[in-house]
Amino acid sequence: MDRLPLDYAAIRRRLEGQGGPRYWRCLEQLADEPAFAAFVAAEFPGVAPDMDRRRFLQLMGASLALAGLAGCGGPPEQGVPYVVAPERVVPGEARWYATAVTLGGYAQPVLGCTHVGRPTKLEGNPQHPASQGAATAFTQAEILRLYDPDRSQAPRYLGRETTWEAFGRAAAELAAGLDARAGQGLHVLLGASSSPTLQRQLDALQARWPQARLYRFEPWEGQAYAAAERAFGRPLELRPRFERAEWVVSFEDDWLGPGPHQLAQARAWSERKRRAAHGEGEARLLVLESQPSPTGAKAAERRRIEPARLRVQVRALAAALGAGEAPPLPEAERRWIERLAGGLLARRGRCLITVGAYTPLDVQAAVHWLNQRLGNLGRTLELSAPVLCLEAGGRPLADLPALVAAMGAGEVDTLLILDSNPVYGAPGGLDFRAALERVPLRIHAGPYYDETAAHCHWHLSLAHALDGWGDARAADGSVCLMQPLVRPFYSCRSPTEILALLQGEQSPDGQALVRRTWRALDEAAWREALERGYLEGTAFSPLALSAAPPAWQDDAPAAAGLNVCMRPDPCVWDGRFANLGWLQELPKPISKLTWDNVIGLSPALGERLGIANGDRVRVSVAGASVEGPAWVTPGQADATLSLFAGYGRRRAGRVGNDLGYDLAPLRSAEQPWLRTGAELVRLESHTRLATTQPHHVPPAREPIRSLPRDEAYRERPPAEPKPTFRAPSPPRDVTWGMVIDLEQCIGCNACVVACQAENNVPVVGKEQVGLGRSMHWLRVDHYYSGDPAAPRSAFQPVPCMHCEQAPCESGCPVNATLHGPDGLNEQIYNRCIGTRTCASYCPYKVRRFNWFDWTGGDPPAIQAQRNPNVTVRSRGVMEKCTYCVQRISAARIAARAEGRPIADGEVQTACQQSCPTQAIVFGDLGDPDARVNRERHTRRHYALLEELNTRPKTTYLGLVEQPPRDGDEP
Amino acid sequence: MSGPRETAEHFLPRQLPLGEVSAQVLDIPTDFGRYRRAWWPLFGCGCLLLGLFVAAVSVLLWQGVGVWGNNMPVAWGFAILNYMWWLGIGHAGTFISALLLLLDRPWRNSLNRMAELMTLMAVVCAGIYPILHLGRPWLFYWTAPYPDTRGLWPQLKSPTAWDFFAVLGYLVVSLLFAYVGALPDFAAARDRAAKRPYRIFYGLLALGWRGAASQWAHWRRTYRFIALLAVPLVFAVSSSYSFLLDLAPETGWHSTVYPPYFVAGAVFSGFAMVSVIAVALRRFFQWQLLITPAHLDRLGLLLLASGWMTGYGYLVDPFIAFYSGEPHEIDVTVARLTGPMAWSFWLAVLLNLVVLQALWWPAVRRNGKALLAIAVGVLVGMWCERFMLLIQPATRDYLASSWRGYSPTFWDWALFAGTFGLFLTPFSLFMRLLPMVSTFEVKAVLHRYRGENDG
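In order, the protein sequences belong to chains E and Y.
No gaps in the numbering here: position 418 of the first sequence is 418 in our numbering, and each next residue is one more.
Position in the second sequence counted from 1, then plus 970, gives you our numbering.
Just so you know, the hints here were simulated from the structure itself, not pulled from any lab data.
Keep in mind that this is a model prediction, so the values were computed, not measured.
Here a beta-carbon is modelled for each residue, glycine too, at the ideal position from N, C-alpha and C.
A hint or two may mislead.
[Stated by the list, open to error] Which chain Y residues face chain E? A few, computed with CB under 10 angstroms, are given here: (1) Gln994; (2) Ile998; (3) Pro999; (4) Gly1021; (5) Val1024; (6) Ser1028; (7) Trp1112; (8) Tyr1116; (9) Trp1123; (10) Leu1126; (11) Ser1128.
Please model the entire structure based on the sequences and the hints provided.
Listed below in structure tokens is the structure:
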């Protein structure tokens, strides 16, 4: 950077004029000014705006350091802790609060762990049926967003910071004007929300200003409500009961993949599998999809179909079930569908057909009818009132195209955008931004000063779910209360407070607003609900409705060219998580890519066009085009490209800016999920992509084993241990071990993020991941097998094996890794000198090395997020999975204080706890009754690389092959 | 000692005057003018490379081993590779000096001093690597058994702990051996030096050597005793670093053939380095009389013989892999022969085995330039061999999910190039200041050759 003469005095004056907590704001706001940038570079080397991403990650949270932690820390004044409420803050003792975060409007009930007032980790709320203690990657990463220094920290007017009082005055004036016009000209766009308080406020707003118009926009919600409306006459929430569905047929539906319902659905399906393993019926999943997904990976049968062929398949199935005529199909497909129909009919009320929310409305509606036909409604598929707010004051919320039309017609005087980022997320075909510019007064309320905020007059900083009050409904309709875990870091307001402000209330109190919604509860019930995290008895009860018979749209004439399937990204969703290093560095479930989105294409197409991974390609549809790196995706339909949202952001924050490409130009208002007739052109350039697993095909010995179902659960006589040179293990009171059920694992990465949060695992950035230096202690390997065009996929989580005869231990020259008294393979960081012998000797390559100082420069804020019970590792030392030794110690201390042995299940590792399918079991191998030993003597139990005789204490339960379907050729 | 050995051709000219030997070697430091024009570029080159070394080490220490290309399957990269390479080279000095001394092969006498000094610097270059390689190099002494208030001790089952003893032991013994062996020459240089500073310099180095019979008797015992210590060290040290690979359960490393394979390779690369230095010094100091074609011939033969021993490893290692029938062994071996790093295997075979066969022809062995070219080829080939043995198997670990390539960075190369500065700078100073040929031993050989009476 060029040195500029600095007017230090002037800059200091400017800084002094503002209080501590605003300091960072200045940095960001003024970073464009060369003088200020130079000042920052001089005063705070490393925080200068031109630093590279890795450096930034290291310093993430610098803002809070600069701000002083005056605003941070300290328990929330009125929070009600979960279960155990110590009388005062005891250093070293965690406090738990039940609260919730939301995804796509749906509450994800959590427990927030705080240490001395600092939230450090989110875990699922074990009491809530939608969580039962588990939590997805998205949910867990919300804690990082709480600390994100790029979050908006104060309201702004015309890009300059201002105060809430200023907005309050402006809002009061506005409200007076609106009163005069009955709200004429006021338009409100809402992100998806299920908050009853917000609903109450919206109803009030609509009553006060009848002419005001309300809209909702959630970019990747799909059209399940509209489809339900078409089939049943009203929008409905679908509640599939996978635990009862012995056969599940899914059409383009990644219901095990990421999303608001992933946790509950994965949990239910794992329950079904567990019951099937005990002989209670079957658990067979059949998937028809155009691009690989975790659901397809777990299917007993997966059929690759082009998206355009979807309707034909469903029609054929409908015909086979007795509705309408079968469309012409190739013989093999017809027979397959007929046998499928036969199987489904044989399991009436015990099967389920699901269809993706991104598929055409008539197909979805037809599937509802098929489920009804099969007697599944009310059994494997329940319907209930919609969870999300869909109307206000009796008037349905309109959609985004309606708003764009209103803006284009000049009807909008004032637009409030509440918790939505349509400038980035709206389909490119709508040209939302241009229409927005025509609105005279634009107010944006969001957690980031994002693309939309930059185009609005007012930007209001929205509170994080963990530092403000609120309520939201979980997928079953039950109301979760959101209480702050910590006093707000920044000058933010919750959505309900902002709506109150807009209606002229001067200093709204978020807690009072929520309390007013639930004023029917007495104080004791309210406190109990806060303690529990949700209101009991608020779940919606199932409705009995009947579906209309299918009304098919005509298939569009087959367009030449390729199909473009657009989906939210599995790691950053619609881009809302783009600034969270944990999620950016989280490998995508199948490709194991990080930090980028790609354009997926089939191996056949790649071969035809001579495209290799990372080659840049241009996809164009009807004049619009997008450029991005190609990724050859086995299992992809041949004429289909898959594009992912969430990238190409310009104002996500410093972690998430300028990564990948933005697919918005290809989305049209009518076809936001699928375009046909696309062209693909290979460009000359190449993008370096960072993947944590470059190879997915094991050459010789299978790391993943599978057995036919009737054999898998049979007893296997215990094998004689192989001879060894090493000393025998001493007798132990307890020997910790882990069993991972590969049949249950859906590759969702919840465990990886849980481990990262629990064990202070650093984020290293794209460059370092590309070099093979990712730090995840637990990785989820993914393997292909079979035909490259339509391979089978399998996931394998690999933590440290804690070998009884560990090669790493004999390799270390300084005794930095050795066996603990309870069988753990322990790593002593402050003894480690970094010879990396242990890593070289580890056949599983689970050890991670601090190649650089990933943590040393971290400011106090990022330390505040860290788990105080886990050592933060410095440069040059080796680290690896410890089986969450800090949790073992805590349990041991508690047990010893009470003079009892540690109970089975008392120690839960972070990965185990978060796993939606409970595929990970941890416990004492020496206790024959422990859960961890339950399947140890079955044939599907095996150790990875058993032949090396390392005697791992982490072992696996192999995949279970489904028996052939009735009528299958043997 | 018995009389002169009858060989077809003696390695020294029979009529070489003893005074000429002293003049050619011992007078160099005091009369360096004629070599100055050639010496300064050499020394300058060394200093430049040493500067690069200092830069590479500074960057490394400041930022961490992440500046190198190592990654998670390839936790050991250039540092261990170059450690093995330099340490292997170091083996020839001791081998030529000590083993041939004990086996009474007096032709070594023209070469042993330069070989010993080369060994010394090669061991320094090698020894610096395991320290720099550490994540926390400032704690390298934790691998040493020293009384520690925490009561901690190295973990002696680890071959990495053996490295400490290997390098340190080898360094001490080589230093002692070179120094003790040079005492009479220091005394002679002191006695011949015309200028006082040189007299003081050599006088201090000579430790009061007067050439008394009792001193000679002590000297001979000491020298042979150290030689006896040094010879097993050659085998122990190169086996020790082969155990770094051997004791890992990793396929491609875990092979019983490695200790002898590595000893042969070490000696092989060391002979190559001695050949390079002998040919170079012969030309630099015009030592055609001291280092004769017969010496080169013998070096060539040693190179050929040790080359075949190494080549045996190339044949046996893949054979055993296929013979085992172990799928992963076969996979790693096939990848070694055909994968992305196959160049390292084939280059090693080409340079260490194919080109080497030229040495069957005496004319090639006796031709300085040809020998130099082949020896440099062997040094490159041995480096490739270490690459192939150390790095290639790591890139194909047991689990396919761990597979990943390896590419060294600028700082990897800079440090490697820098070690040549670490080698060359002191070595050129040795050339400037020390007697690079053991004159008294050469004279003793000449004396015996001519059948003169010992008196």
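Hints, verified against the model:
no. : hint    : result
1   : Gln994  : violated (47 angstroms)
2   : Ile998  : violated (43 angstroms)
3   : Pro999  : violated (42 angstroms)
4   : Gly1021 : violated (25 angstroms)
5   : Val1024 : violated (20 angstroms)
6   : Ser1028 : violated (16 angstroms)
7   : Trp1112 : holds (5 angstroms)
8   : Tyr1116 : violated (12 angstroms)
9   : Trp1123 : holds (8 angstroms)
10  : Leu1126 : holds (8 angstroms)
11  : Ser1128 : holds (4 angstroms)
Hint violations for this structure: numbers 1, 2, 3, 4, 5, 6 and 8, all remaining hints satisfied.
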